[in-house]
Amino acid sequence: MPPRASKRKATASHNSSSVTSADDSPTGTITGLDNVILIAPSDKNKTKKTDRLDTLFDSYANCSSGIIDPEGIEALCSDINVEHTDVRILMFAWKLKAQRQGYFTRDEWRSGMKALKVDSLSKLKKGLPELEKEVNTPGNFQDFYSYAFRYCLTEEKQKTVDIESVCELLNLVLGSQFQSKVDLLIEYLKIQSDYKAINLDQWMGFLRFCKEISFPDLENYDADLAWPLILDNFVDWMKEKRS
Amino acid sequence: MSLPTKRSATATASTAGTSTSSTYPPMKKAKCQAASAFSPLDYSKNGLHHSDEVVFDPSSISLDDDPKLVDYCPPPAAANLSRKKATLPQPAKKLVIKLVKAKPTLPTNFEEDTWAKLQSAIKAIFLKQPDSCDLEKLYQAVNDLCLHKMGGNLYLRIEKECEAHISAALQSLVGQSPDLEVFLKLVATCWKDLCDQMLMIRGIALYLDRTYVKQTPNVRSLWDMGLQLFRKHLSLSPEVEHKTVTGILRMIERERLGESADRSLLDHLLKMFTSLGIYAESFESPFLECTSEFYASEGMKYMQQSDVPDYLKHVESRLNEEQDRCNIYIDASTKKPLIATAEKQLLERHISAILDKGFMMLMDGHRIKDLQTMYSLFLRVNSLESLRQALSMYIRRTGQGMVMDEEKDKDMVSSLLEFKASLDSVWEESFSKNEGFCITVKDAFEHLINLRQAGLSVIGKEMSPIDSWFADLLRLRPLFPVYGASPTNRPAELIAKFLDDKLRAGNKGTSEEELEGTLDKVLVLFRFIQGKDVFEAFYKKDLAKRLLLGKSASIDAEKSMISKLKTECGSQFTNKLEGMFKDIELSKEINESFKQSSQARTKLPSGIEMSVHVLTTGYWPTYPPMDVRLPHELNVYQDIFKEFYLSKYSGRRLMWQNSLGHCVLKAEFPKGRKELAVSLFQTVVLMLFNDAQKLSLQDIKDSTGIEDKELRRTLQSLACGRVRVLQKLPKGRDVEDDDSFLFNEGFTAPLYRIKVNAIQMKETVEENTSTTERVFQHRQYQVDAAIVRIMKTRKVLSHTLLITELFQQMNEIGRQTLPSSKTFLLLMDIDIDEKNILCCKQLKFPIKPADLKKRIESLIDRDYLERDKNNSQIYNYLA
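The listed protein sequences derive, respectively, from chains G and U. In terms of the numbering used here, the first sequence opens at residue 9 and continues consecutively. In terms of the numbering used here, the second sequence opens at residue 207 and continues consecutively.
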């Protein structure tokens, strides 16, 4: 077992992307195997890396709960010189597949950092642009976008996010790509009174809108299609505003 | 000798013929020619000496000489006859006819002489002098000239003569009197004279007209020649023509301005133009132009000066005047363009101004007569469409004032009824029952009635998803009650309330017939309601109260209303309402049998009489359960009844609706005994005072268990209303937390029986809101159910197809309105038989695609559907 494991490890260190793909691969056995390897104390290199990750984790984790809480995240952010409201932190959370807003568990930390191929703060800092690039590939962005929304659902059974947070979130994740659209959308969301919160369907609709609708003429917008009503209203509002 | 004579007669004719022409012309012509061979003497002479002219010389007749002649001339039968006779044995005696050698010759200066005679006569005629020569001779002279083929020359001579004269006559008019009327008279006289003269000349030269003119192409009759000459010379002196035309126009204008005009003079002159054939160009077009100008300026002026009814009257009289004018002196052919010109200038150009300025005023003033004038005038110029639009605008604007003003809600229905009645009478009397107008009125009313309405969910807008999430979480109803929210359809609600008011007991002074009439009128408004479910909800709520509290004015009237609604909307609409009546009747029976049952006779506490209404859930409005701690006696009663009822109808569940109970209490006040009609809550409160003098609000609340708001209202009705059986300390209109209540020792009232339970009849805000809310809910359920039904069968469906199918599930009418207004009518129930479809049409409520979207989104939210991950246009059904 160990030799095989070391072999695997070796390939993994050579080509880290294969690890990532292994992670993503639906075959449970390989992942299981990986886990075994990760914990295996006999593997020096592995242990060393895991140790380093754990040490790093522990330096930010709350002693009593054993996970990184918002405070820890803030500390992490300041250590890598990134605002904790920066979109890259959100991307980091996405990469970590963090389940709960403001918290990283050890498992999330380990697998996420591994996927990022980093084991130190300086590497993490250097890896951020790479991460940003990764997120912005068409395949990943939608996933990231919907993750961003789900990440904001903090309560159990919560399905919607209040308008104010949605506006911030929109600005964060779409602001750089679709500045003018997002600004207008946010302006509208703030003045309208029909909705106090936004659900996932509407949220996904915003992305679709930004991606597909020509702007500012809105020519290809058709209210008869399945756009969420809030976007119909938004378009009406824009048209009215323009005239 | 008779025989030869006969022969000679035939021969005469033929020989005479030969004398003038070498051919053998037909008999008729021959005769004519023969006549021309007579000496040109007087007619009378001719007649006398007729026989002298032909000399019969029997010897000169030679049949053999010229057999052809004989053969030819007589008709064949006669010839045969003569031949036969000729063959009779008779002495051969020759009959010879000798022609007079010398041709009759005319006197050399015959033509000149005759003409001289005629000329002098013509001149005399023109100069209006007597002529020496008598007319018959003149006629003969013409005749003679014509016979001698001098017609052409004669014609030319006459023409020349006439021309000279006519030219002179017209020349004489040049420069004549500057006064137009005088001048016109001169022209008229000149014309008349000429006509007379020409007639006279024609009389003399009639023969010329009949022979020469007729036989020669391109020659006018004398009369026409006269006219033609007149025309020619008139055109040569344009001054005269112009002056005449302007003169006429001036006169007509003066007449239009109210002065009198010599109509016969005008008539003459215009006839002159017509006769001359220059009417259309010389007169008609300047006339129409002039008319147009006149009325253009008059129209402008009058529109500014006078108000619309006066203006319309003026226009009407103007048009009549022009009509008269045409009948009297203007050529009939001008009538049409003339009237059209006047109409155009006086009406067509001012249509919108008239409507803007006066229509509202006329309608407001209910001025049937003026409106009728307006209608008939507008009809003339094809402007009814504008009038119709104005009417529509008017109804909408006026009605909007009635419907939209919340402060006037109380009178809305009655003012709408009045308004409708007024419109109907205007329509009938002023707009001659024009069908288009009828539809306009209906449309406008429908628009009005449905102005204040919401489709699916305007109860304070759609609740936000977060709200619905909480609602789900807390297992609340899907919609939060939003108090004071905008109503579904306020007019529908008010119509229901108006009916409640009419059908409620205590409307003294209205007879059954009057009530019936009112119901019918209200029904007219009812038809316009789009949200009939709103009406139904409120009507039902009010009906329930009337029935349960015994406040209905007449059960007959109630039932008549129900049957009216049934004919209007079908049985589906009314079966619940009818169910309510059934419940009431059934309850009576149950009460009867309860009274006779053993339980009642043995166990009931004495001194209490009770009757119970058993209401079927579903028929009646839903009432929120209200707890109350009943006095022991009542509790016992309720239990006994329940036992009785359940023994009779097992398996049913009885729920007491305390808020609807009402009682009659016997109260002994120090100043007299009274009977108090009170609600059950009031009863419970009052009975506390059997054992106590003074109670605080908290005491009462604790003992009765009535909900706070309801209790306050109850106490207010007992201590702060018109009838005060309790006293509140301290005094005041509203019930405060620290108030306490006293039995009112000094209570007096003129009547023995006193009603204190009016409070029960009154509609509370909560009640109103919940009724409205129920309507919305019901509508939402309908739509949700439709969506789920479709998705359940389809599993996967695109948005567009889903919407299409949704509208397909709705009715034809919905689809008809689809393209234009984007408002659809969702029918509540769709049934197969025709009557029910009709009823469904009535049960419509407006729904927009946005409403449907909202429901779809809500279903996505509630995990009935999901948006497909790969194609956002597609929904998946989540089982």
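By construction, these hints were calculated from the structure, which means they are not laboratory data. Note that beta-carbon positions come from the ideal geometry of N, C-alpha and C, so glycine has one too. Watch out, some of these pointers could steer you wrong.
[What the hints assert, rightly or not] If you want the footprint, here are the derived chain U segments under chain G, 3+ residues with CB under 8 angstroms:
no.: 1; stretch: 609-620
no.: 2; stretch: 1004-1013
[To be verified] Below, a list of computed lysine-lysine pairs in the DSS-like style, where the Cα atoms sit at most 27 angstroms apart:
no.: 3; chain 1: G; residue 1: Lys204; chain 2: U; residue 2: Lys757
no.: 4; chain 1: G; residue 1: Lys141; chain 2: U; residue 2: Lys614
no.: 5; chain 1: G; residue 1: Lys219; chain 2: U; residue 2: Lys1059
no.: 6; chain 1: U; residue 1: Lys746; chain 2: U; residue 2: Lys614
no.: 7; chain 1: U; residue 1: Lys770; chain 2: U; residue 2: Lys757
no.: 8; chain 1: U; residue 1: Lys770; chain 2: G; residue 2: Lys167
no.: 9; chain 1: U; residue 1: Lys398; chain 2: G; residue 2: Lys165
no.: 10; chain 1: U; residue 1: Lys1054; chain 2: G; residue 2: Lys249
no.: 11; chain 1: G; residue 1: Lys219; chain 2: U; residue 2: Lys998
no.: 12; chain 1: U; residue 1: Lys746; chain 2: G; residue 2: Lys204
no.: 13; chain 1: G; residue 1: Lys167; chain 2: U; residue 2: Lys519
no.: 14; chain 1: U; residue 1: Lys1059; chain 2: G; residue 2: Lys167
no.: 15; chain 1: G; residue 1: Lys204; chain 2: U; residue 2: Lys1059
no.: 16; chain 1: U; residue 1: Lys746; chain 2: G; residue 2: Lys249
no.: 17; chain 1: U; residue 1: Lys809; chain 2: U; residue 2: Lys877
no.: 18; chain 1: U; residue 1: Lys639; chain 2: G; residue 2: Lys198
no.: 19; chain 1: U; residue 1: Lys1054; chain 2: U; residue 2: Lys1001
no.: 20; chain 1: U; residue 1: Lys998; chain 2: G; residue 2: Lys165
no.: 21; chain 1: U; residue 1: Lys575; chain 2: G; residue 2: Lys165
no.: 22; chain 1: U; residue 1: Lys1001; chain 2: G; residue 2: Lys167
no.: 23; chain 1: U; residue 1: Lys648; chain 2: U; residue 2: Lys770
no.: 24; chain 1: U; residue 1: Lys1059; chain 2: G; residue 2: Lys165
no.: 25; chain 1: U; residue 1: Lys329; chain 2: G; residue 2: Lys105
no.: 26; chain 1: U; residue 1: Lys794; chain 2: U; residue 2: Lys809
no.: 27; chain 1: G; residue 1: Lys247; chain 2: U; residue 2: Lys329
no.: 28; chain 1: U; residue 1: Lys770; chain 2: U; residue 2: Lys788
no.: 29; chain 1: U; residue 1: Lys1054; chain 2: G; residue 2: Lys198
no.: 30; chain 1: U; residue 1: Lys1059; chain 2: G; residue 2: Lys247
Results of checking the hints against the structure:
Coverage of the stretch 609-620 of chain U by chain G is violated in this model, with 0 residues showing a Cβ closer than 8 angstroms to a Cβ of that chain against a need of three. For a cut-off of 8 angstroms, the count of residues in the stretch 1004-1013 of chain U with a CB near a CB of chain G stands at 4, and the three-residue condition holds. Distance restraint check for Lys204 (chain G) and Lys757 (chain U): the Cα-Cα separation of roughly 46 angstroms exceeds the 27 angstroms cut-off, and the hinted pair is therefore not satisfied. Of the supplied pair hints, the one linking Lys141 (chain G) and Lys614 (chain U) is violated, its CA atoms being roughly 65 angstroms apart against a limit of 27 angstroms.
In summary, the hint linking Lys219 (chain G) to Lys1059 (chain U) is supported, as the alpha carbons are separated by about 22 angstroms, within the 27 angstroms threshold. Between Lys746 (chain U) and Lys614 (chain U) the CA atoms are separated by roughly 24 angstroms; this keeps the pair inside 27 angstroms, and the hint holds. Simply put, Lys770 (chain U) and Lys757 (chain U) have alpha-carbon atoms about 21 angstroms apart, close enough for the 27 angstroms limit, and the pair holds. At most 27 angstroms may separate the alpha-carbon atoms for a hinted pair to count; Lys770 (chain U) and Lys167 (chain G) exceed this at roughly 49 angstroms.
Taken as a hint, the Lys398 (chain U) and Lys165 (chain G) pair is broken in the structure, with Cα atoms around 111 angstroms apart against an allowance of 27 angstroms. For a cut-off of 27 angstroms, the pair hint linking Lys1054 (chain U) to Lys249 (chain G) stands: about 23 angstroms separates their Cα positions. With a C-alpha separation of about 32 angstroms, the suggested pair Lys219 (chain G) and Lys998 (chain U) falls outside the 27 angstroms cut-off, and the hint is violated. As the CA atoms of Lys746 (chain U) and Lys204 (chain G) are separated by approximately 35 angstroms, the hinted pair breaks the 27 angstroms bound.
Straight-line distance between C-alpha atoms of Lys167 (chain G) and Lys519 (chain U) comes to about 72 angstroms, which puts the hinted pair past the 27 angstroms bound. With a CA separation close to 19 angstroms, the supplied pair Lys1059 (chain U) and Lys167 (chain G) stays within the 27 angstroms bound. Between Lys204 (chain G) and Lys1059 (chain U) the CA atoms are separated by roughly 18 angstroms; this keeps the pair inside 27 angstroms, and the hint holds. For the hint linking Lys746 (chain U) to Lys249 (chain G), the alpha-carbon distance of about 45 angstroms lies beyond 27 angstroms, and the restraint is violated.
This hinted pair does not check out: Lys809 (chain U) and Lys877 (chain U) have alpha carbons roughly 35 angstroms apart, beyond 27 angstroms. For the given pair, Lys639 (chain U) sits about 55 angstroms from Lys198 (chain G) by alpha-carbon distance, which is inconsistent with the 27 angstroms threshold. Restraint check: the Cα-Cα separation between Lys1054 (chain U) and Lys1001 (chain U) comes to about 24 angstroms, which is no more than 27 angstroms; the hinted pair holds. Note on Lys998 (chain U) and Lys165 (chain G): the hinted pairing holds, with a Cα-Cα distance of about 25 angstroms set against a maximum of 27 angstroms.
With a C-alpha separation of about 72 angstroms, the suggested pairing of Lys575 (chain U) with Lys165 (chain G) is violated against the 27 angstroms cut-off. Distance restraint check for Lys1001 (chain U) and Lys167 (chain G): the Cα-Cα separation of roughly 24 angstroms lies within the 27 angstroms cut-off, and the hinted pair is therefore satisfied. For the hint pairing Lys648 (chain U) with Lys770 (chain U), the CA-to-CA distance comes to about 20 angstroms; that is within 27 angstroms, so the pair holds. With a C-alpha separation of about 24 angstroms, the suggested pair Lys1059 (chain U) and Lys165 (chain G) falls inside the 27 angstroms cut-off, and the hint holds.
Between Lys329 (chain U) and Lys105 (chain G) the CA atoms are separated by roughly 132 angstroms; this puts the pair beyond 27 angstroms, and the hint is violated. Under the criterion of a C-alpha separation no larger than 27 angstroms, the hint pairing Lys794 (chain U) with Lys809 (chain U) is consistent with the structure, at around 21 angstroms. Note on Lys247 (chain G) and Lys329 (chain U): the hinted pairing is violated, with a Cα-Cα distance of about 93 angstroms set against a maximum of 27 angstroms. Under the criterion of a C-alpha separation no larger than 27 angstroms, the hint pairing Lys770 (chain U) with Lys788 (chain U) is consistent with the structure, at around 18 angstroms.
A hinted pair counts as satisfied when its Cα atoms are at most 27 angstroms apart, and Lys1054 (chain U) with Lys198 (chain G) qualifies at roughly 25 angstroms. Restraint check for Lys1059 (chain U) and Lys247 (chain G): satisfied, since their Cα atoms lie roughly 20 angstroms apart, inside the 27 angstroms limit.
Violated hints for the displayed structure, listed by number in ascending order: 1, 3, 4, 8, 9, 11, 12, 13, 16, 17, 18, 21, 25, 27.
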